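Student: One line per chain: the protein sequences are A, B and C, in this order.
Per the numbering used here: the first sequence = residues 215 to 315.
Per the numbering used here: the second sequence = residues -12 to 218.
Per the numbering used here: the third sequence = residues -7 to 496.
What the hints contain is simulated information worked out from the structure, not anything from laboratory work.
Any given hint could be a false lead.
Listed below are several chain B residues computed to face chain C (Cβ distance under 7 angstroms; list not exhaustive) [said to hold, decoys possible]:
| no. | residue |
| --- | --- |
| 1 | Ala22 |
| 2 | Arg49 |
| 3 | Glu56 |
| 4 | Pro83 |
| 5 | Pro87 |
| 6 | Val88 |
| 7 | Ala101 |
| 8 | Leu102 |
Okay, derived cross-link-like pairs now, SDA-like style, lysine to any residue, Cα gap no bigger than 20 angstroms in a straight line [unchecked claim]:
| no. | chain 1 | residue 1 | chain 2 | residue 2 |
| --- | --- | --- | --- | --- |
| 9 | B | Lys170 | C | Pro15 |
| 10 | C | Lys99 | C | Ser53 |
| 11 | B | Lys170 | C | Ser53 |
Note that the structure is predicted; figures quoted are calculated from it, not measured.
No residue lacks a Cβ here, since even glycine has one placed at the ideal position from N, Cα and C.
One-letter residues, chain by chain:
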Amino acid sequence: MTMFLAYAVTGMIVFAIGLYGVVIARHLLRKIIALNIMAGGVFLFLISIAARNSQAFPDPVPQAMLLTGVVVALSATAFAIALARRIYTVTGSATLSDGER
Amino acid sequence: MSRFHWSMHVVCATAATFLAAVLIYTVMTLPSEPAGLARLVEDFMNVSGVEHPVTAVLLNFRGYDTWLELGVLLVAVLGMLLFQRQNDLRQIVRMPAAEPVLDWLIRLIAPMMALVSGYLLWMGKYSSGGAFQAGVVLGAACVLLWLSGHPSLESLSGRVFRFLLTVGFSVFMIAGALFMLSKQPFLTYPVATAGHWILLIETAATFSIAVTVAALIMGLQPTYSETEDQP
Amino acid sequence: MDTIFPWIILLPLTGAIATFLVPRAWVIRTGMVTALLTSCMVFAAAYFLHQNGPVHYAVGSWAAPLGIRLYLDGLACVMLLLTAVSGIFISVYACEYFKDKTSGVLKREGIMFWPLWLFLWGAMNALYVSGDLFNMYVLLELLGLSAVGLVALAGTRTVLIAGMRYLIAAMLGSMSYLLGVAFLYAMHSALDTRMMGALIEPGMGAAIAFALMTIGLLLKTALFPLHFWLPPAHAGSSAPVSAILSALVVKGSFYLLLRLWFDVFHNVVTIPVGQFLGALGALAVLWGSIQAIRQQRLKMLVAYSTVAQLGYLFAVFPVTAGAPPTDGVLGQWVIESGKGTLYHALAHAFSKASIFLAAGIMVHALGTDQLSRMRGMAERLPLTTFAMALAGVSLMGLPPSGGFIGKWLMMHAVLGSGQWWWAVVIMTGSLLTAGYMFMMLRQAFQPCEDPSLFKPVPKTMEWAALILAFISIGIGIRAADVLDLLMIGSPFLIEPIAAVGGAL
C-alpha cells in the first residue's frame, strides 16, 4: 500500500508542477514540455493503480489506458510542436504574443 | 524569462501547491485493495488469442480504443503535413554522408534494429511488446538512416508514403468489419483464429507507426523550398 | 439495427482515409459521397430507434466492464442528427468555398479540409454513442486535434496563434479529464458510464473526479471564464470551419458534461455545484452578449454570440441538481429543462452554422467582414441576408423558431423549479441578443452605394446557408416530433433514491 501511495502522491505533485508550468511559461516549447510533464503525472498515477492489487498479475486495464494515453499524448505533442514551428516560421517568435495565456 | 511580475509566480505557485495538496488528500482516501479488473481479464484470457493480459486488453477486449488511437496518430501526421505545407517527405534536405566509422556502425545497427522490431512485434503475444514498441524501434531506424545520409523515408513516393501512413488504421478497421458480415458486432474475432488476426493487425500497425513516428521527426526538418516559403 | 449502428462511425472515418489517399481531382466527390452516406446512416439509425427503442452495442462482443459499450438513445440520436444535417450543408458549402476563384480547381487548403473534417465528424458520432469513460477521452483528443487542424487551415498568422491557444486549452482539458477518469477507476474499477453511476458514492474522491472532469470539459466548451481561446479561433478560421466549430465541436464536450451529470454523477452533485455552474452560464450569457455588441467585425460578433449562447445551455445544471425523482409530478421540470437545453443546442447549431456560412459569403463577396461595409447587402445578396435574418430570429428566440421552443421550455422548467433568477438572465440575454442581431442587420438593409464592390458568389453557398436557417425555424414548427425522438430511452431520468444501486 505504501508503494501505491508513494507513486500516486508523486504523480499528483508532478501534475501540479506541470500545470504551473503551462500557465507561467511564455515560450511555446516550455508550455508544451509542461503539458507533457502534466501527462507524466497522470501516467504515474495510472501505473500506481495498476500495481495495487497483487493477484495473478497487475491490473492490465490501467496499463492499457496508460499505453493508449502515452501514444495520444505523443501525437498531441508532435502536433503542437509542428504548429509551434510553423508559428515561429511565420511570425519569427515562439510565444503567444497577444494576450495572457 | 517570463514577463509576469513575480507576484503572479507566487499566486500560481500557491494555487498549484493547493491543488497538489487537495489531490494528495484525495489519493489518501482511495481504497488500497479493490477488486481490480485483473480477475475478469484472467477469466477470459483463454479466448483472447494471446497470452499476455495487456495485449489482450489492448488488441481484443478494448481494441476499439487502440484503433481510435491509431486514428489520433494519423491526425497528428495530417496536422504536421498541413503546417509544413507538404504532402510527403520528398522535399526534405538530404543530410551529408556520415564519416566512415559512424557509417559502418549504422550499416551494422540499422538491420539489427529491424530485427529487434520484428522480435518485439512477435513477443507481444507472450510478453510486453507489440505494435507500438516495434513501430517506434523501426521508426528510429528510419531516422538513424536519414541522419547518416542514407536513403530513408524521403525517397518514398507520395502514394507509398500515404499508403504506409494509413495501412495500420485501415487494416484494423477492415479486420474489425469483416466479421460484421456474419452478424457479429464490430471488432469481434472468431475465437480460434483471434491470435492470427491480432498479429496481422499488429504488423500493419507497426509499419504505420514506424512511418508516422519517423515522419513526425523528419517532417520538421528544413526542406529544399524553405527559403522560398512565403509567410 | 445492429448492422447499421457501427457504420455511423465507420463511414466518416473510412471517408477520411479515402479523401487522404485519392488524387486531387477525386477529393470533393469522395468527401461529398461520404457525407451523404453518413447522413443516410444516421437517418436510418433514427428511424430504427423510433421503431425499436434504445440500443446497447458491445464492441467486440465483450460486455462491460471488460469491453466497451456503445449506447444509442433519444439524446444521442438527436445529437447525431444535429451533426448530420449541419454536416451535409456545411460540406456542400465547403465544396464551393475551397475552389480557386478563377480556375475552379480545389485549393491546397481544400485537400486537407476533407480528411480533417471527416475525422472530426467520425469522432463526434463515436462520442455521442460512447458509453465508456476512457473511450470518451480518446475521442475527445481525436476531436480536439482535428478541430485545431481545421482552425490552422487558413495558415495566416492570427489563425495559427489562435489555433495554438485552442490546442493548449484542449490538451489541458484532456489531461484534467483523464486524471478524473483515473480517480474514478481507482475507486470503482470500472469505466462504463452506467456501471459507474450505480457504483459511485458521494465522497472526496467522487467530488474531485467530478471537478477534474468538469473543468476539463468546461475548457473545451469554452464556458466563462475559460472561454479565452474561442473568439479568435472561431472568428479567424475559414467560414466552413467556423461553422463546424461553433455549431458542432463545442456541443460535443457539452454533451459529455450532460451525460456525466445524469448518468454518472447524479448522486454526487449538490445544489451549490449546480448553482455555481448556472452562475458561470449566466455570466457567459451577459458578458458574451455585451462583448458581441461591442464588436466591429461580423465574425467576432458571431463568435462572442457563441460564448453567450453556450451559457444558456448551463441553466440545466442548477435546475436538476438535487431535484426530486422524475417519476413524480414534482420532478417533471427536470425533464422540461433537459428538453429545453437540447432544443436550444439544436437550434443554436443550425442558426450559428447558417450565420457563419453567411459571413463567409460576405467575405467572399466584399473581401472583408467589417460591419460598416455591410451596406447594401440586402439588395445584392438577398438570399444571404434572409438567411442571416432567419438565423437571428432563432437566436433571439422569437416564435415559431427552434430557439423559441428551447427558451420557452427552459423558462418553464426554471420557473417550475422555483429558481426564478435564471429566468431573469434568460430574458436579459434575449434582449441583448436582439440588440446585436439588429445592429448587424441594420447595416445590411442600408441602401447600396457601390454595386461593383460585390463580387459574384456561387449560388450553392447561399442556398446552403439559407436552408440551414430554414431548418432552425422548421424544428420549431415540428417540435413535437423532435421532442418525441429525444425522449426515447428516458435520457433525463433521475430515479428515486431507493432504486439507485439496484438494477442498471
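Student: With reference to the structure, classify each hint as holding or not holding.
Tutor: Tested hints:
For alanine 22 (chain B), the interface hint holds, the least distance from its beta-carbon to any beta-carbon of chain C being 6 angstroms, beneath 7 angstroms. Checking arginine 49 (chain B) against chain C by beta carbon gives a least distance of about 6 angstroms; that is within 7 angstroms, so the hint holds. Interface restraint check: glutamate 56 (chain B) against chain C, minimum CB-CB distance 6 angstroms, threshold 7 angstroms, status holds. A least Cβ separation of about 31 angstroms between proline 83 (chain B) and chain C goes past the 7 angstroms threshold, and the interface hint is therefore violated.
Interface hint status for proline 87 (chain B): violated, as the beta-carbon distance to the closest one in chain C is roughly 41 angstroms, over 7 angstroms. Contact between valine 88 (chain B) and chain C, as hinted, is not supported at the beta carbon level, the nearest pair being about 42 angstroms apart and thus beyond 7 angstroms. Taken as an interface hint, alanine 101 (chain B) does not check out: its beta carbon lies about 26 angstroms from the nearest beta carbon of chain C, beyond 7 angstroms. Because the smallest distance between the Cβ of leucine 102 (chain B) and any Cβ of chain C comes to about 30 angstroms, over 7 angstroms, the interface hint for this residue is violated.
Taken as a hint, the lysine 170 (chain B) and proline 15 (chain C) pair is broken in the structure, with Cα atoms around 34 angstroms apart against an allowance of 20 angstroms. The straight-line distance between the Cα atoms of lysine 99 (chain C) and serine 53 (chain C) is roughly 44 angstroms, outside the 20 angstroms bound, and the hint therefore fails. A hinted pair counts as satisfied when its Cα atoms are at most 20 angstroms apart, and lysine 170 (chain B) with serine 53 (chain C) qualifies at roughly 11 angstroms.
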